[in-house]
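I would like the entire structure built from these sequences, with the hints used as guidance.
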Amino acid sequence: MLSREEWLPLARKLDWDYTYVREDEVFPPVISGHPWLPHTEWKDWEESFKTSYREYVDNQYEKDMAVYAVRDAVGRLENIQKLAAPWMNSLKVHAAALPLAEFTGVIGSLRGARFGRDSAWRTMSTFGALDEYRHTQIPLLLFHQLVRLDSQFDWAHKFYHTNNWFAIASRHFFDELTLGQNAIEFAIGTNFVLETGFTNLQFVGLASLARESSDHMFERMVTSIQTDEARHAQIGHPVLAVLMKHDPEYVQYLLDKWFWRSWRLFSILTGLSTDYLTALDQRPYSFKEFMEEWIIDQYLRTLDEFGLKKPWYWDIFQDELDIYHHMIYASAYTYRATLWFDFVVPSPAERKWLRQKYPKYWDDMEAVWEQVAERWRTVGPGAANELGVHGTAMPTFCDLCQLPLSAGTPRKNTATVLVREGRKYIFCSEPCRWIFLREPERYANHKDLVKRVLSGEAPADFSKLLTEYFRLTPDTWGKDVYHGAYDWLAAQKTSSA
Amino acid sequence: MPIPLYGFLEGDTLGLLMLAEEGETVLQLARKLQQAASLRVARVDQIDFIYNGKAIDPGLTVAQAGFQELDRFDVISRGKL
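Protein chains in written order, with the working numbering: chain A, 1 to 497; chain B, 1001 to 1081.
Among the clues, some could well be false.
What the hints assert, rightly or not - 30 Å max Cα-Cα, derived DSSO-like pairs, lysine-lysine:
hint : chain 1 : residue 1 : chain 2 : residue 2
1    : B       : 1032      : A       : 412
2    : A       : 158       : A       : 82
3    : A       : 412       : B       : 1080
4    : A       : 424       : B       : 1080
5    : B       : 1080      : A       : 357
6    : A       : 352       : B       : 1080
7    : A       : 245       : A       : 13
8    : A       : 158       : A       : 451
9    : B       : 1032      : A       : 424
10   : A       : 245       : A       : 50
11   : B       : 1032      : A       : 310
12   : A       : 412       : A       : 309
13   : A       : 309       : A       : 360
14   : A       : 424       : A       : 451
15   : A       : 412       : A       : 424
16   : A       : 412       : B       : 1054
17   : A       : 158       : A       : 447
18   : A       : 464       : A       : 451
19   : B       : 1032      : A       : 464
20   : A       : 357       : A       : 309
21   : B       : 1032      : A       : 309
22   : A       : 82        : A       : 352
23   : A       : 245       : A       : 310
24   : A       : 424       : A       : 82
25   : A       : 50        : A       : 13
26   : B       : 1032      : A       : 447
27   : B       : 1054      : A       : 424
28   : A       : 451       : B       : 1032
29   : A       : 451       : B       : 1054
30   : A       : 412       : A       : 310
31   : A       : 245       : A       : 309
32   : A       : 13        : A       : 63
33   : A       : 447       : A       : 43
34   : A       : 63        : A       : 158
35   : A       : 360       : A       : 424
36   : A       : 158       : A       : 464
Claimed, not checked - Partner residues aside, some chain B positions facing chain A, computed with beta carbon under 7 Å:
hint : residue
37   : 1008
38   : 1036
39   : 1042
40   : 1046
Honestly, the hints are just simulated from the structure, not real lab data.
For each residue, glycine too, the CB sits at the ideal point set by N, CA and C.
What follows is the structure in structure tokens.
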């Protein structure tokens, strides 16, 4: 009987020469990706962490049992009910955004499992698909029980099936990154940029936030997912290494495109949770500090390792670290009924902390929160007054990322209008405009929410937009966690009276 | 027919869709944007209306100003341009 060291290399490398069909018929360029190279160029493809199917199953079984054990010990409803209210809403954000996005990763990974150009790559992608299926099932299982506690958790299943504006933006991202992608761009965009660059480390950071918030169930869940990510994310490196020999310019483009697109979504999911939805005394770091320590250093080192350059928009990106997610949070707070989770107004103590962490533009954000607080003072606290502290005009969205036009700073919004072939588009930022113009045929026909409303495809009436198009209800749409009843707000009112 | 425009108010955190009536003045349109963003931005009386990179006469009507559907305009504090 062969030892593991003897049979595993044989099992990993199962390529053969085709005699009845051409290689480009087995691996059509349109779905295997660019550049199309003969297998001789891919034959040395090698993952750094090798595993067999038996080892994979044994390992995953152990991990699943560990998740169940933690759920049984500390993941019961009575445990979840003890969590701080803002953190519960961070959970709702992830409960909705995570599971079905991971399911799109199943599809993308299966494309690699069939159309990846070397058998070892295809084997790794098969494990990756199984991983992503697990990352769909675990959060659905864990979060679904919380519907009994709070109906907003129903959005774990519902989110991607709605035309909620954030769901439109998320689908626009994942449909391109995973569902409709060829094997090479999937490996670069998903495995190399999103997973190696962002989510692998995001899960480490999220686990730390969850631990600080005493949410041991979520901590265990993301830790378990992260160990899978760390394994299948390594598919990206050897793919990139081959591409660099043949078309480094294309590699640079893919990296720059997907880093920006990933940053946009990531800054919202993680930025809001880190700086607003985690209790002040439980924040281990600011979102910017997390980005600098965990994401940026590592990403730049990897670029350097492959002889790649920083993205051309690096200065814009670095500037956004100080402001973008703050612009989004304030915008979303004032349009919270358009979302499926609740928000808080940052208290004076939290704003002091935010000023220390984000001195560059905080004066402008402080003015916004003062104005929001003043409105609560005027209308008074209470659930009945929620819509008195809510936006009424239609927000606007970027034609590339589909997120609100909230880039730049409050003093200078960077949105730009483009006229192309008689149609008008608007982009939140130069990188979004650049991505659109590199592949306009890919994006030009997608309608953002404003254009759907103007064409009659979505209702213009705000209440119908929320209920019929976004599929929210008065029970599930977002509110202020405290309906404006903040001790600090009452104290300010008293002292100013 | 109202003309949908992208309005950006200095101090705000996002752009808003504004429906401009052909007969209303540019100043009225600016005030409409200020009102729509008042939850986030305190009203400023002295303002400039910026269209195509230039401050335009606030007394012009929307029709006279020549706005096209889905153009961008900005409302900023006077003298900031």
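Verification of the hints:
no.	hint	verdict
1	B/1032 x A/412	holds, 19 Å
2	A/158 x A/82	holds, 25 Å
3	A/412 x B/1080	holds, 11 Å
4	A/424 x B/1080	holds, 28 Å
5	B/1080 x A/357	holds, 28 Å
6	A/352 x B/1080	holds, 28 Å
7	A/245 x A/13	holds, 22 Å
8	A/158 x A/451	holds, 24 Å
9	B/1032 x A/424	holds, 23 Å
10	A/245 x A/50	holds, 24 Å
11	B/1032 x A/310	violated, 42 Å
12	A/412 x A/309	holds, 28 Å
13	A/309 x A/360	holds, 27 Å
14	A/424 x A/451	holds, 10 Å
15	A/412 x A/424	holds, 21 Å
16	A/412 x B/1054	holds, 15 Å
17	A/158 x A/447	holds, 21 Å
18	A/464 x A/451	holds, 16 Å
19	B/1032 x A/464	holds, 23 Å
20	A/357 x A/309	holds, 28 Å
21	B/1032 x A/309	violated, 46 Å
22	A/82 x A/352	holds, 27 Å
23	A/245 x A/310	holds, 19 Å
24	A/424 x A/82	violated, 50 Å
25	A/50 x A/13	holds, 12 Å
26	B/1032 x A/447	holds, 26 Å
27	B/1054 x A/424	holds, 20 Å
28	A/451 x B/1032	holds, 21 Å
29	A/451 x B/1054	holds, 27 Å
30	A/412 x A/310	holds, 25 Å
31	A/245 x A/309	holds, 15 Å
32	A/13 x A/63	holds, 28 Å
33	A/447 x A/43	violated, 42 Å
34	A/63 x A/158	holds, 27 Å
35	A/360 x A/424	violated, 33 Å
36	A/158 x A/464	holds, 18 Å
37	1008	holds, 5 Å
38	1036	holds, 4 Å
39	1042	holds, 6 Å
40	1046	violated, 16 Å
Violated hints, listed in ascending order, are 11, 21, 24, 33, 35, 40; each of the other numbered hints is respected by the structure.
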